[in-house]
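Participant: Could you put together the complete structure from these sequences and hints?
Residue numbers (the working numbering), protein chains in the order written: chain A, 382 to 716; chain B, 79 to 611.
Simulated from the structure, these hints should not be mistaken for laboratory data.
Where hints are given, some of them may not hold.
DEER-style ranges, computed between Cβ atoms [said to hold, decoys possible]:
1. B:Ser144 with A:Glu449: 46 to 54 Å
2. B:Gly528 with A:Arg409: 38 to 46 Å
3. B:Ala471 with A:Leu493: 24 to 32 Å
4. B:Gly211 with A:Pro497: 52 to 60 Å
5. A:Gly650 with B:Ser228: 28 to 36 Å
6. B:Ala471 with A:Pro497: 56 to 64 Å
7. A:Leu493 with B:Pro204: 53 to 61 Å
In silico lysine-lysine, DSBU-like type, Cα no more than 30 Å apart, as pairs [as the list claims (entries may be wrong)]:
8. A:Lys573 with B:Lys475
9. B:Lys376 with B:Lys351
10. A:Lys573 with B:Lys102
11. A:Lys466 with B:Lys202
12. A:Lys466 with B:Lys267
13. B:Lys273 with A:Lys466
14. A:Lys573 with B:Lys273
15. A:Lys466 with B:Lys590
16. B:Lys173 with A:Lys466
17. B:Lys548 with B:Lys589
18. A:Lys453 with B:Lys294
19. B:Lys312 with A:Lys466
20. B:Lys493 with A:Lys466
Listing some non-contacts, in silico: residues in chain A with all C-beta distances to chain B over 10 Å [claimed, not checked]:
21. Leu387
22. His429
23. Asp458
24. Gln467
25. Gly521
26. Ser523
27. Asp613
28. Pro625
Since this is a predicted model, take the numbers as computed values, not measurements.
Glycine residues also receive a C-beta, built at the ideal position from the N, C-alpha and C atoms.
So you can see what is in the structure, the chains are spelled out below.
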Amino acid sequence: MIKFILGRLAYLIPTFIGITIVAFGFVRILPGDPVLLMAGERGMTPEHYQDMMQRLGFDRPIWAQYLEYLWKLLHGDFGNSIVTKQPVLSDFLALFPATLELAICAIVIAMLVGVPVGVLAALKRGSWFDQVTMTVALIGYSMPIFWWGLLLIILFSGVLGWTPVSGRISLLYYFPAPTGFMLIDSLLSGQKGAFSSAASHLVLPSIVLATIPLAVIARQTRSAMLEVLGEDYVRTARAKGLSPGRVVGVHALRNAMIPVITTIGLQVGVLMAGAILTESIFSWPGIGKWMVDSISRRDYPVVQSGLLLIAGIVMIVNLVVDLLYGLINPRIRHR
Amino acid sequence: MKLRTALLAASAAMAMLAGGVQAKTLVYCSEGSPEGFDPAPYTAGTTFDASARTIYSRLVEFAPGSTSIQPGLADSWTISPDGLEYTFKLHPGVKFQTTDYFTPTRTMNADDVIFSFDRQGNAKNPFNQYVPGVSYEYFTSMGLDKTIKSIEKGDDRTVKFTLSAPNAPFLADLGMDFASIVSKEYADKLMADGKAADFNNQPIGTGPFTFVAYQKDAVIRYKANPDYFGAKPKIDDLVFAITTDAAVRAQKLRAGECQVMPYPAPADIESLKSDPNLTVMEQAGLNVAYLAYNTLQKPFDDVRVRKALNMAIDKKAIIDAVFQGTGVVAKNPIPPTMWSYNDAVPEDTYDPEAAKKILADAGVKDLHMKIWAMPVQRPYMPNARRTAELMQADLAKVGVTAEIVSYEWGEYLKKSTAMDRDGAVILGWTGDNGDPDNFMNVLLSCQSAGEGGSNRAHWCNKDFSDLLSKAAETSDVAERTKLYEQAQVIFHDQAPWLAIDHSTVFMPMSKKVSGYVMNPLGTHAFDKVDIAE
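Facilitator: The structure is reproduced here in structure tokens:
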């Protein structure tokens, strides 16, 4: 097992270097630069432009900038935003709990709904339940998130008035946030109604963010289940006279979960991408919105280090999934 | 540190509640996050709303709802006859805000005023680079680095600015956000503590509201400043709920989650107006959108061609289709709300037949040209691509083939200043200080023509530029008005642009809100606002 983990960790090093190059290069390939955007309509003389580029260190050869960036990274320095002048890492740490809280809620919803729906659809293959849920899942998978989010706001917040429109908690509540997780902080605050306010603010964004992963998980569970249900060992289990619940729950589901867990792991990337749109719609102060703002301002240090941090998290989650995979499926870790 | 701020503020809020006082809170759905809380390094209105207009005040202020100058931290001022010396008498006993991170030991004085400008203009000021790489864009772009020769202290309440040349817009510049007065005592303390960067996160000013806390990208909290030297704010707490999407802002306003919102989407305005709980204030924006020809290139160097093209484009149709009626047709380079606007200048007539004839007379046949359409929405232009398409169709009717081009915004801004630029460029301007100089000199003078300059027509008319220089050198408003009126006549005769429109600015708010005054300069201030329970 240790060899397996070390092998997986070794993979991370080239991936990590690759990401630094991509993250560094990506934002510089984009046309335009931060100084031009700062100047706006008023323009800037070529001399002043040069002076600004020099102040920000963007006048040096690109490889020199990259090497300096890498050197600082190895010393734990992720750089400072050229707009807010704040350290990128501290901004990231301040904003990340909001994204994490939203992503966890979304993935929990996606799993709690997606797995049972997929199993039921597989067991009742060809029934109306199967057909309706799989059609809905296909629609969910193709849903334009921005439109979907606005639609839910207009319906549930505007017309019905059931949920708040946006934000993380009602502005009437004001308390220190030691963990950054609003659900936990609101409980710790001891203020009456704070927790339910935080929870109600989470409902719509979680549903929006969960939509695509839910559809993927439901469809993946169904097809994995169908495959397993046709296997010899399931037939044998049935022939032994085991109860249908035991056959499905113990023999079929456990094996069917192997590809599903991989899928869930892969959804972390999808969640991060979805978070960008979801956070923008719901004014959710997380890293998605932060990245969008920084890209549009060409805030190079924030974009390159932000991408790196996000990619790092996706990598760690995938590593954990790989390890879990090994736990569930012994064939993997012994190979 | 942030946690401590939050804890203290929270306990203060609790104490207030425990005291049984019902605090009046106004929630403003702001359109974006501030870049920082020190107004000097930034140029964005969003940042100024959150810093300069709440926390700080200036020597002079723009009167509410107008661009005229009134006393601020300076009670009075005198200008020497040669227009070179401005001497300000400061208001006595103005206190900087007291917060959990700073307690001032003295009142605001001449040292603070000198420091506020010196740190921006003097690279040797120890606070000039209080965070590495910081630059003072507005100070430079308004030309104050060249205009201000020296600033001297008379006594604690007297400051004298000496200019290098007479400059009438100077007074208006001092009312701008970047010219906010900051505390030298606070800056020195932070410097001594090695925490200079906090100057941008934990602001201290003399304005109507005291900073309480900022939760990044989410909420900014302020409380009324009990020591404010002006009329005390009527609300106790001011909250900015950062909501970037315009449609979501409108939903929040309807749901009562906030009471005031800026920048509604044009498509939402009608439905907001029809909501019985809301009022929608509106005001002509202090802006202009234009199509600038490159007057250095053939055949656009010929005034007849430019005038013919101006006649070929139906501006009214653009206002109807693109602005959905939320704008007015422009004829001058300055908006009608600005002093010295010359209403006697005739409108450009839409006359394709006459245009065709003039083009033929000028010997122009089968003209191919490019129209540059900017890729972003701006306050003066909601959809440049659509505008360009309408222009393209109009030009086709007079035998001119137009090709529409666009670039990424930063590139667009840069490439459009090139002297060999191929094509006419759609762009615009929003006023900084309400002075006509800030439109005409910035956008059309010889001084701003050339690579990197903001005169995108590269139009250099000596008579026009001379009038502007003369107007800038005299401080008599009546005299200046006359000069600017003449300049607008030359602009009309020479047609370096097609002046397109001046857009209208809308401000939807709850009917519970009273006392809100729209500011023509586009900033948002809440010191006069009250809210009904």
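Participant: Each of the hints needs a verdict: does it hold here or not?
Facilitator: The hints, checked one at a time:
no. : hint                               : result
1   : B:Ser144 with A:Glu449: 46 to 54 Å : 50 Å, holds
2   : B:Gly528 with A:Arg409: 38 to 46 Å : 28 Å, violated
3   : B:Ala471 with A:Leu493: 24 to 32 Å : 55 Å, violated
4   : B:Gly211 with A:Pro497: 52 to 60 Å : 54 Å, holds
5   : A:Gly650 with B:Ser228: 28 to 36 Å : 59 Å, violated
6   : B:Ala471 with A:Pro497: 56 to 64 Å : 57 Å, holds
7   : A:Leu493 with B:Pro204: 53 to 61 Å : 59 Å, holds
8   : A:Lys573 with B:Lys475             : 69 Å, violated
9   : B:Lys376 with B:Lys351             : 48 Å, violated
10  : A:Lys573 with B:Lys102             : 20 Å, holds
11  : A:Lys466 with B:Lys202             : 20 Å, holds
12  : A:Lys466 with B:Lys267             : 20 Å, holds
13  : B:Lys273 with A:Lys466             : 13 Å, holds
14  : A:Lys573 with B:Lys273             : 37 Å, violated
15  : A:Lys466 with B:Lys590             : 38 Å, violated
16  : B:Lys173 with A:Lys466             : 28 Å, holds
17  : B:Lys548 with B:Lys589             : 47 Å, violated
18  : A:Lys453 with B:Lys294             : 25 Å, holds
19  : B:Lys312 with A:Lys466             : 34 Å, violated
20  : B:Lys493 with A:Lys466             : 28 Å, holds
21  : Leu387                             : 38 Å, holds
22  : His429                             : 7 Å, violated
23  : Asp458                             : 13 Å, holds
24  : Gln467                             : 8 Å, violated
25  : Gly521                             : 22 Å, holds
26  : Ser523                             : 22 Å, holds
27  : Asp613                             : 54 Å, holds
28  : Pro625                             : 48 Å, holds
Checked against the numbered hints above, the structure breaks hints 2, 3, 5, 8, 9, 14, 15, 17, 19, 22 and 24 and satisfies the rest.
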